[in-house]
Amino acid sequence: MIGGQKPKVSVIMGVYNCENTIAESIESILNQTYKNWELIICDDASTDGTYAVARRYADHYADKIKLIKNEKNQRLAASLNHCLQYAGGKYIARQDGDD
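Each residue of the sequence shown is one higher than the last, beginning at 1 in the UniProt record's numbering.
Do not take every clue at face value.
As the list claims (entries may be wrong) - Simulated DEER-style distance windows between Cβ atoms:
id, residue 1, residue 2, range
1, Lys35, Asp99, 27 to 37 Å
2, Lys72, Gly4, 43 to 53 Å
3, Lys35, Lys72, 32 to 42 Å
4, Thr47, Glu24, 17 to 27 Å
5, Gly49, Ser28, 18 to 28 Å
6, Ala52, Asn31, 16 to 26 Å
7, Ala45, Gly4, 39 to 49 Å
8, Gln74, Gly4, 35 to 45 Å
It is worth saying that the hints were derived from the structure and are not from the lab.
From the three backbone atoms N, C-alpha and C, an ideal C-beta is built for every residue, glycine too.
Sequences and hints are given; from them, build the entire structure.
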């Protein structure tokens, strides 16, 4: 702990076609008691409404949620690595769009 502040946790989430579950997954992070976190979501070229749902959250919680998008499907490992490029936390946590 630096100067009494708890370290930031970067939560990374690679998503593909999670339109029906991503809101609940994001809400579970928003409802955590630990508040020093950021969420980085990488949409892996979803063909449903996943990106639109994530975009609404990223716009509403711009200070906490970053949204990036792969132009073509690259699979989960590549999406998570893409998230890591934007992570600024001391620790990394991972969550799926259907958790």
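Structure-based check of each hint:
1. Lys35 to Asp99: 27 to 37 Å: Cβ of Lys35 to Cβ of Asp99: about 19 Å, so the range 27 to 37 Å is violated.
2. Lys72 to Gly4: 43 to 53 Å: holds (45 Å)
3. Lys35 to Lys72: 32 to 42 Å: holds (35 Å)
4. Thr47 to Glu24: 17 to 27 Å: holds (20 Å)
5. Gly49 to Ser28: 18 to 28 Å: holds (19 Å)
6. Ala52 to Asn31: 16 to 26 Å: At roughly 22 Å between Cβ atoms, Asn31 and Ala52 fall inside 16 to 26 Å, so the hint holds.
7. Ala45 to Gly4: 39 to 49 Å: 42 Å Cβ-Cβ, so the 39 to 49 Å window holds.
8. Gln74 to Gly4: 35 to 45 Å: holds (40 Å)
The earlier numbered hint that this structure contradicts is number 1, and it is the only one.
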